[in-house]
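The residues making up each chain are set out below.
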Amino acid sequence: MRWGSTIKLAGLLVLVAVIAVLAVKPVFPEGKVPWLPLTRDIDLGLDLQGGVHVVLEAKDTEDIKVDDQKMDQLLATIERRVNGFGVSEPVVQREGERRIVVELAGIDDPEAAVDSIVKTAYLEFIAPDGKVILTGADLENAVESIRQDTNQAIVNLEFTPEGTKKFAEATKKYLHQNIAIVLDGQLLQNPYVKDPILDGKAFIDGYASFEEAHEIGVLLRSGALPVKVEVMEKRTVGPTLGKDSLDRSIKAGIIGLALILAFMVTYYRVPGLVANIALLIYSIIVLGLFVVFDVVLTLPGIAGFILSLGIAVDANIIIFERIKEELKNGKSLRSAIDAGFKRAFVAVLDSNVTTLIAAVVLYYFGASMVRGFALTLSIGILSSMFTAITLTRWMLKLTADTRIIKNTKFYGA
Amino acid sequence: MFHIIHKRKLWYIISAAIIIPGLISLFIQGLNLGIDFTGGNITEVKFKKDVTTAQVREVVKEQGLTDKYIQKSTGGVFLIRTEVLTEEENEKMLKALDEELGGMTLLRNNKVGPTIGAELTRQALLALAVASVLMVLYITWRFEFKQGIAAIAAILHDVLVTVGLLSIMQVEINSAFVAAILTIIGYSINDTIVIFDRIRENLALKKGMKIADVINISLWQTMARSINTTGTVLFVLAALYFFGGTTINNFVLALIIGVTSGAYSSIFTASPLWYDMLDKKRRQKAVKPTA
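From first to last, the protein sequence lines stand for chains A and B. Going by the working numbering, the first residue of the first sequence is number 47, and it counts up by one from there. Going by the working numbering, the first residue of the second sequence is number 589, and it counts up by one from there.
Only chain B is shown next, with the shape it has when bound in the complex (with noise of 0.2 Å):
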């Protein structure tokens, strides 16, 4: 089995071959933010009749409204986004599209207004914030400060992992994001913390061993059950995935992303990164019995 400690390089080089290409992304195109975020109309209809995206598109102008998008999926269901409408354009859309183009059933209609969107940004910044320095606080607490530092830094690379992807693949990002988000934090940081509490606990029996091995047997004692969890979590992300309805599958994808991303940031992250912070001294020392 390979030294995961002596081998963090590799690790490091790997997490930046997929950050930096989300980051550039971020930077060029950004995310694809849904109206929750920017406010506007989204509206999902299913027609009785055979429809397409140009017939959709012409009952729409008819209206003097101008789509942002227009989105076809299977089964006569169609996704309609538009700026902000007024309940009056709102409601002539609708008559406009049911009776144009042959009868429909109005499956959502979602208005936001652009201040909301303000508040939720607002809202999911002060939420991740407030989370974070309670986790640095408990960990701190409960084991050290560097070690807190570090997980959190793993979190911040979960984070981006999973939001560079969902910049590249320009998936639709909407309020469920947030909760998303929230939801690798916590699960990243729970993969951590059981790494670093058998850390904690080989620190105490294996005196006489330098720091970087201790740290390597703890990750490897640790392995079948970081492997398993992840998967037994990616099994039922899976199902919901394929089989829980497109309402919540971008949700569901950011959370595919995150897990795994938090899976391997909890074992090739946060702990090398902690063994990088360490003072030259503890590292090179055998390791006494804490205080």
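If we strip away everything but chain A, and leave its shape as in the complex, we get (with noise of 0.2 Å):
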């Protein structure tokens, strides 16, 4: 036995081990290492915590032809409303001419939510002759409340200056008479005006709860919408679910991973247990290097992980079965390592990359929800080639070199 390079491997093994623990356990108590574990800071997709993703796509009328200027509009209108909701890292992206995509994560009703953002919100006020005194374009703020005396939910209205001027001559004009609070052409009521009202408030009442009332606030607010627009996609999962789908795949990932380490020692042996600890090694760089890109974890990703530990072990299948060989030709241990890691490199290098084209190709033409997959892929890939040229290589001849095992039936031969 070699005592320099015993040490060395087995400094090794402990350092794997921390880190292993580390990365996917919550040693230290919360936010004391803000990096650890590892596994905290990668985000997962909507399929795995519940959520939305919705496409929609703005539609020419009669009147009303989409242009860029009104997509904007339109995108600003939308992110109002969605900031109003209160959710946490809302997206809303443009995507193409015409199409919005809006991904809501951790809401507890999302249709309700898809609802609340497609409505066009068009408030007019009509007078009893059919004239439109008001739009949603005078408001200058809508807030909802509770009225003290009769504990209902109201929303309030104030206009702009110039609201308020229009509004204050509509009802000199039609006092005594009626007029129409109308929504998305919904007559919402139709109160009587008893008095000209000129300080540029109103209300409007007849909601069940405060919540109806403050989503209407909401779409008042973040004024109507520009365009017509409709839902081209959508793609709710419940919360329920996401957390099963996440569970679920962690469970099919450790058994997986399980089945290749036990097969890998029985049947390679040294070489074998060599290469699964490179595995623990690759799995942990995968992972970081997820947190690292930003990698949003989807249900399909995690897919493309766990099969990637599939292919991560070919590589140093490929080597062993390279170093059996030269053993049997009569080489030294030493010296067939050499000789098997050499002839094994090209295979290993060419076969990777043909497979990597057809992840970046993927990745390139492929929709937004393969376009996890193949970038897990692409990770995943890379990264093994990496540990099994590099890592299994060096722990392999540090292994020879302790001088432990010297039976070279023990590597296969």
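Honestly, I wouldn't trust all of these hints.
Said to hold, decoys possible - Pairs of lysine-lysine residues, derived as DSS-like cross-links and limited to a Cα-Cα distance of at most 25 Å, are as follows:
id, chain 1, residue 1, chain 2, residue 2
1, A, Lys212, A, Lys177
2, B, Lys795, A, Lys165
3, A, Lys177, A, Lys247
4, B, Lys873, B, Lys656
5, A, Lys377, A, Lys388
6, B, Lys873, B, Lys795
7, B, Lys795, A, Lys377
8, B, Lys660, A, Lys289
9, B, Lys680, A, Lys388
10, A, Lys105, B, Lys873
11, B, Lys795, A, Lys370
12, A, Lys274, B, Lys680
Read the hints as simulated data drawn from the structure, not as lab findings. Being a predicted model, the structure only gives us computed values, none of them experimental.
Put the two chains together into one complex; each comes in its own frame, and the hints tell you how they fit.
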């Protein structure tokens, strides 16, 4: 036994074990070490934490045609609405000429949220003779509240100076008549004008709950959508399914990993053990890269990662089969390891480059949901090449140098 | 050990025996396309009470909607697929299901417009074409053009086997299927290249041998690796299939079929095809060191 190499190898094993535990288990109290555990900083996709992904498309109508300016207004309006819901880190993005993608994570009622986003919210005050007096554009503010006297939920309206003037004139002109308040063509109420209203304030009542009033408040504050909008695509995942999917994939990953580890040790013995340690290091590197690249982990993404575990051992298998052959040809352990790596390198390189081509093409041409998969697969291929060519080689040589196991049978001969 | 190249007719027959029924099924019943391709709504809900498929269908009907199918799975979970619904129709249906059948939890509610499906198909075909061209170019550079063609033929083999079997089984296909096909391609070509690499090496080493024998030796030398790698990949896929949850089951199933086919084709399709593509002179002559 050589003590230098043995100590190095033992040190390495302890280091890997410590890093592996720190990466996934919260050893330190919350917040003490900001980047631990590693897995905490990986963002989960909508399919794993629940939420909604909507693709909206602006449509031309007879009166209003979609153009760039309208799209900018639309984006701004939708952003204001989404912010009104109080969702953390919402995504509102323009995609292509007339599409907008909205992603809301971790909300309780995704259906209602989508419903509020696509509502035009076009508010009108209409005189008995059918003339439009004011529209939502004349609003300065709209705030929901509970009336002290009746305990009813209402939305308080406050007009702009110009709107105040228009409203004052209208309430004078249509005194002792009714003025209709209409939202998206639906009559909300039809109040009777008792006195002229000069201060530019009004309210809408008749809401069943404060939440309902709040929703209308958000819509009116954010303004009407400048163009007609249709839902092209919508994917809602409830929080229960998301959690379930995450738990199941983690379980599947652990079982798959255990099967690989068991197979490698049984079949390849000492090199198999070394490959298993390399596989653990590989997993840690990949998780670290997920954090670095801000990868949003989706269900296909996890599948890609788990699949890459299977592919990652491939490089090791190619190398070990080569070492076996070299040993059978009568080479010494050291030179068999050297020759095995040298010869296997070309095969590992060429085969991985071709796979990488497929993954990169998938990333460029694929829809957003397969992109996560392509990215995790690419990161996996590159990291597996790195660990197989550098780490496994170094560790295998170190193990051979310790001379604890001299019988080449344990190396596959 | 048998001679893989000499028995190549047998391997072609085995491939044909799987691919031809698949193609017939594709022509007759096609693929079972999910809403990602056809457009439509799919809703997954979990009812609190014991509910039958007929009851769910009745409620959907009451809303003036017709379902394409309603599928019951374990634990009171139902999948309801319909044509594309407007937001109002969708909301009405969910509300009715919740109120009339004793309460439910919404697990998933997806809507895909018909144009999205067409875009997805176009994207997928484009990705396939671009990936194939790039891979042939790379193989031509690192190996030779005819091997590139043989490798792509093996890929086509795997895609046909996978698509054909999925058609026979009528497994529902969604956008993740595109990712599955591309992964299968990547995996299959990976396998093929490892073997071609060994042939390249042996062509330089085994001078005086016939090329059919060089290929045969190379295939047997890489056999343990081919089997072991496929084994480990199938281990993880099996784990994903049995424990990974229903949402990705079809995706994993496609991968299991494709990976198995990919392992087969890299041994029994790509190299024999390459041999068949070589001209007579090169086949009969002993191997000379390549220039």
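Checklist line | Violated hints - listed by number, lowest first | finding: 2, 4, 9 and 10
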